[in-house]
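Undergrad: Sequence:
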Amino acid sequence: MESERVQNIASTFEDTIPEAFVRSEHEQPAITTVHGIDLDVPVIDVSDPDEEKINRLIADASREWGMFQIVNHGIPSEVISKFQGVGRAFFELPQEEKELYAKPPGGKSIEGYGTFLQKEIEGKKGWVDHLFHRIWPPPAINYQEANEEYVKYLHGVVDKLFKSLSLGLGLEEHELREAVGGDELAYLLKINYYPPCPRPDLALGGGGSHGHGLQACRDGDWYCVRYIPDALVIHIGDQMEILSNGKYKSVFHRTTVTKDKTRMSWPVFLEPPPDLAVGPHPKLVNEKNPPKYKTKKYGEYCYCKLNKIPQ
1 MESERVQNIA STFEDTIPEA FVRSEHEQPA ITTVHGIDLD VPVIDVSDPD
51 EEKINRLIAD ASREWGMFQI VNHGIPSEVI SKFQGVGRAF FELPQEEKEL
101 YAKPPGGKSI EGYGTFLQKE IEGKKGWVDH LFHRIWPPPA INYQEANEEY
151 VKYLHGVVDK LFKSLSLGLG LEEHELREAV GGDELAYLLK INYYPPCPRP
201 DLALGGGGSH GHGLQACRDG DWYCVRYIPD ALVIHIGDQM EILSNGKYKS
251 VFHRTTVTKD KTRMSWPVFL EPPPDLAVGP HPKLVNEKNP PKYKTKKYGE
301 YCYCKLNKIP Q
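Taking the working numbering as reference, the numbering of the sequence shown is continuous, increasing by one, and the terminal residue is 311.
Read the hints as simulated data drawn from the structure, not as lab findings. All of these numbers come straight from a predicted model, not from anything done at the bench.
Between beta-carbon pairs, the in silico distance windows are: (1) ASP201 / THR295: 37 to 47 Å; (2) PRO104 / HIS35: 40 to 50 Å; (3) GLU19 / ASP221: 19 to 29 Å; (4) ASP201 / TYR153: 37 to 47 Å; (5) CYS304 / PRO104: 14 to 24 Å; (6) ASP45 / PRO104: 37 to 47 Å; (7) LYS294 / GLU78: 41 to 51 Å; (8) ASP50 / GLU19: 50 to 60 Å; (9) THR295 / PHE269: 13 to 23 Å; (10) LYS259 / GLU51: 39 to 49 Å; (11) GLU19 / GLU172: 45 to 55 Å.
Just so it is clear, CB atoms sit at the ideal spot from N, CA and C, and this is done for glycine as well.
Using the sequences and the hints given, assemble the complete structure.
TA: Next comes the structure, spelled out in structure tokens:
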């Protein structure tokens, strides 16, 4: 098991990487990145007392970009640092201790410590290990104190975003949150650990994250996203694109790695219940604007997503 962990692979290669991690030319960051230009995705100050302005900026960014950053969100820096610190501490544990939290082979739950999560394009692997666990409701992996303090603030951020996104579609402020499960909505934390990589020009960390190393696709080209300390990067995601019937856009994003530094990220996914059917919101569909997406149970969507099955 240990030999499969990227953290261990990284320590055994000096100037090359296994072929399984070498991306094809149409994915290699050295070739596909637009260099010298950082993508200035919208940065929104959500402490602005003008709520209509905030709602408009969030809706516009969701339509035009599919992602944005929010600042002055009310989560104290020390709470973020403590929350991130427990993740760093996990990956600093001896390997045998981390393996105690490993996901069992063939297990249906994605919670736990692991490396390869989903079927990759052309069979290539991401240069990343991860730790998945639900932080709301309280998780099985016990970082409960740091998690609960962070989630206490995060609830307010999430409610504000759902309100703005709903109003931006002409819905009542509560309708999008209810459409994805309301109080049954789960918060799933994925701690990504990207160890130093001997050939960062050839490899990718995998799917997107936040912070240093985040790239987004814009008009078919890949750009680095400007990093703002303590900002929260908000990705609209597939479910919100589906619910909005295409008015809001999910954006392709990825993470680059470096030769001499470890990178980490702490994305939180908001998950509807597995049996909840998600499709275009009924109020956004009519004869002139028919549904652009299938309605399906969220669990079925996840299975197709992880196995690269057309939706």
